[in-house]
Every structure is written in structure tokens, then in C-alpha cells.
Amino acid sequence: MNEKRRDALRIATVLGLAITAGILKPTDVLAADWKSSGFDAKSLQEALAALGADKAAISTDIAVNGPDIAENGAVVPVSVSSNVPNTEFMAILVEKNPTPLSATMTLPAGTEANVSTRVKMGGTSNVHALVKANGKWLIASKEIKVTLGGCGG
Amino acid sequence: MGNPMRIRANATGDVVEVKVLMRHDMETGQRKDASGKAVPAHFIQTLTAKCNDKVVLDMMMGTSISKDPFLSFKFKGGAKGDKITITWKDNTGDSRTDEAAVS
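So the sequence lines, in the order shown, correspond to chains A and B. For the first sequence, the positions run 1 to 153 when my numbering is used. For the second sequence, the positions run 1001 to 1103 when my numbering is used.
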């Protein structure tokens, strides 16, 4: 335990010092976290791999909820829900978007595994719910048809 | 400092439902303006929601979250009067923090 605490303190101090010294800007550190999470990935497989979820198993205990047909691809309400206990992480991926990973949500204990937001969809696509519960990755999807694409094209 | 967001938090028993509407362009960097130039990417990357001092949601967003992001979630263990704080940071380093009391 002491080892871990010492390591954590050491890393935090170095990062803190680096930020104070201007070597590392807070936006750099933030950008590093964000980039390594798969947001730049250009395909569903790449995004899943970046998250460490490439072997995710299809599950009927989690779901993507959203309209069957979205009239406006710029604003498509979707929600991701999980009935699996100990769901600690959820993500939304729009398969046919240029960068499929739309959002990731880390859920502390006590937060319900049911989060809603609105996504842009370039065109008709499968929308995937990715969930990590008890160390296992699960995935479910729903096709959402889009009549007017939402990426400005 | 970014634009103010609207936060609504309602408690039913000890479950608090939070709805947030943020004001942000969420530019993907792919859209072209009238002169044909690409509008630079400008989007929220991270969001943290707290109830008093406890983090209740940690979210990262990409360019495919809609303009003026909407978010809705629920958590246990909150009560009327608790303070909900939402902070977001975007890719330019801009950030915004707003609070609301649970009603």
C-alpha cells in the first residue's frame, strides 16, 4: 500500500511541477487522456481497441435507446442503459461517423447506469452501447436511420 | 470562461435526477464556412459532475456530441439542498463551472 501511495504522490508531484513550470500545460495532460481514449479512432474496431474493449461480448442486459428514424442527424437523442450490477463505464459509438466514439462515461458507485445525451449522426448507422461491468466488456447496438445527415455535409 | 449552462436537479427519495443543457458550438472541424474554409474544431472534451464534494459522473465527449450538449443522468445518495456542480473543459483550454441546488 505504501509503495502505491508513494508512487502516486511522486507522479502527482512531477505532473504538478511540470504544469507549474509550464513544461506541460493542463490542456496537454487533458488532451493526452482524451486522445488515448479512442476519440480520434476512425473506425469502430479501432475505437474499441483503444478502449481495450475489442473482445466485447454482445449482451441483452445493456441497451441503446433512441428513435428508429431521426429526422435531424445533427441532434439525435440517445441513451445508454445497463442492467448489469457494478457497471462502472459506458460509452456511445456511432459506427458510420468519421470518428465513431461519441462519449465515454465513468460512473462512480451510486450513479445509475442510464445516461442520456444527443449525438450527431452523419447518416444511417448502427449506434452501439459499450459497457464495462465487473471487468467485462459488453456491447449492444441499434440501427438508427437518418434522413438528413448531421455533420454539416 | 464559456457560456453558462442550465442545470436542473430534482430529488425523488434519495435518487437525484440531473439534467444539464450546455451552450457550446461543438464544431467538428469538418464544417466549411461561407468562404469554403474549414471551421476549426471547438468542442467540449471533458465534463465532471459533483454532488457537494463527491464526483457523480465523469464524462469525455468527442466531436459527435450535438451542439449545445444535453445530458441527463441519475444518482443515489443526494438530497434536497445538496449542491450540484458541473464543470466542462474544451479543446481550446476554455472551461465553465455552474452550480444548482437539488430541489
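For the record, the hints were derived by calculation from the structure and aren't laboratory data. Here the structure is a predicted model, which is why all the values come from computation and not from measurement. There may be inaccurate statements among the hints.
To be verified - Selected chain B positions facing chain A (Cβ under 10 Å, derived; list incomplete):
id, residue
1, M1001
2, N1003
3, K1019
4, R1023
5, M1026
6, H1042
7, T1046
8, K1054
9, P1069
10, L1071
Said to hold, decoys possible - Footprint (simulated), chain B over chain A, 3 or more residues, beta carbon under 8 Å:
id, region
11, 51–65
12, 101–110
Said to hold, decoys possible - With a straight-line cut-off of 25 Å between C-alpha atoms, the simulated DMTMM-like cross-links for lysine to aspartate or glutamate are:
id, chain 1, residue 1, chain 2, residue 2
13, A, K96, B, D1068
14, A, K96, B, D1033
15, A, K96, A, D40
16, A, K55, B, D1058
17, B, K1083, A, E88
18, B, K1037, A, D40
19, B, K1089, A, E112
20, A, K42, B, D1058
Note that the Cβ used here is the ideal one computed from N, Cα and C, for glycine as well.
Could you tell me which of the numbered hints above are not met by this structure, giving the numbers in increasing order? 1, 2, 4, 6, 11
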